[in-house]
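Please construct the entire structure, taking both the sequences and the accompanying hints into account.
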Amino acid sequence: MSSPGSGHGTDLEREIRATFADAGVHGRLHAVPLGGPSREVGVDPDEPVVMASVYKVPLLVAFCRRVDAGELDPREQVTVEPAERTAGPSGLSVMRDPVTLSWRDLACSMITVSDNAAADVVLRRVGLAAVLEVLHDLELRHTRVHGGTAEVLRTLVADTATPDTDAAFRALGSNDAAPAIRAYDAALDSATTARDMTRLLAAIWGDRAASPGQCAFARDLLGAQVWSHRLRSGFPPVGVRVAGKTGTLGAVRNEVGVVEFDGERPVAVAVFTRAARAEAVLPRADAVIGQAARLAVTDLRSGRL
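For the sequence shown, the positions run 1 to 305 when this note's numbering is used.
Simulated from the structure, these hints should not be mistaken for laboratory data. Note that this is a predicted model, so its numbers are computed, not measured. Cβ atoms here follow ideal geometry from the backbone N, Cα and C, with glycine treated the same way. Some hints could be false.
[To be verified] Pairwise CB distance ranges (calculated):
1. E139 to E47: 13 to 21 Å
2. A161 to E264: 16 to 24 Å
3. Q77 to H146: 13 to 21 Å
4. A280 to R124: 27 to 35 Å
5. G213 to A280: 36 to 44 Å
6. P237 to Q77: 32 to 40 Å
Here it is as structure tokens:
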């Protein structure tokens, strides 16, 4: 097949684009087997895309490196007060009372249920500079992380001219309003490319992102993610393991992850989409992430690696 990013030229690329279009989304994709030279599948893999909660993956690597350096005790207990929690639909964000847990359990909640509050606590401890160092060291040249979820929500409230986060998301979910917001602009918000994210996953799976022990920890967390309606939905329930991290912000629905069939090389996949419609619940827009990933992975499993 033609190289990724070469346009609309291959039958597979056209099929993936048509799959995205049928679901009412604009999508970008990159897929590559791990562990040696191979073909790739790409649909605009170098086009800048909004990360949303996918930024938590390089943050996780920065956390692991702090542990490796002895600068952070993963078992140290941390109390997170309600007043300092970032809004969100899961994890500490929805709890009412002070919560005490370890740093590594904060990282666990950040990844497995995409806990916004936990992620911002971890980011404050690790520091944005450590995240940027990860991007530099792993040569993720097209990835930028400007801050955590709290910063995104502040800009969202400002850009929608609403009084709070709940009102901002109501405005964001209206097909009539269609506000211009910075969080949808890859030039202004934290952004990456599909290819950069498969490169990051390759570093985690290859024990190059941090120490082997900490990379194993990161893989365990990504494998324990609870959401199965996107990448996981494209693959059989048995005989295949799927690890991943979602990212969601209004019309933006993403997931990056690794798909591994029993006895086969794992395949890193990154899918980033933006829906034409603004509703918060669009099952087809979620499912198409798994459908597109399945098309790419099936082609790469065809024996022509």
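Results of checking the hints against the structure:
1. E139 to E47: 13 to 21 Å: For E47 against E139, whose Cβ atoms are near 18 Å apart, the range 13 to 21 Å holds.
2. A161 to E264: 16 to 24 Å: Violated: the Cβ-Cβ distance is about 51 Å, outside 16 to 24 Å.
3. Q77 to H146: 13 to 21 Å: violated, 30 Å
4. A280 to R124: 27 to 35 Å: holds, 28 Å
5. G213 to A280: 36 to 44 Å: holds, 39 Å
6. P237 to Q77: 32 to 40 Å: About 37 Å separates the Cβ atoms of P237 and Q77, which means 32 to 40 Å holds.
Going down the numbered hints, you'll see the structure goes against 2, 3, while the others check out.
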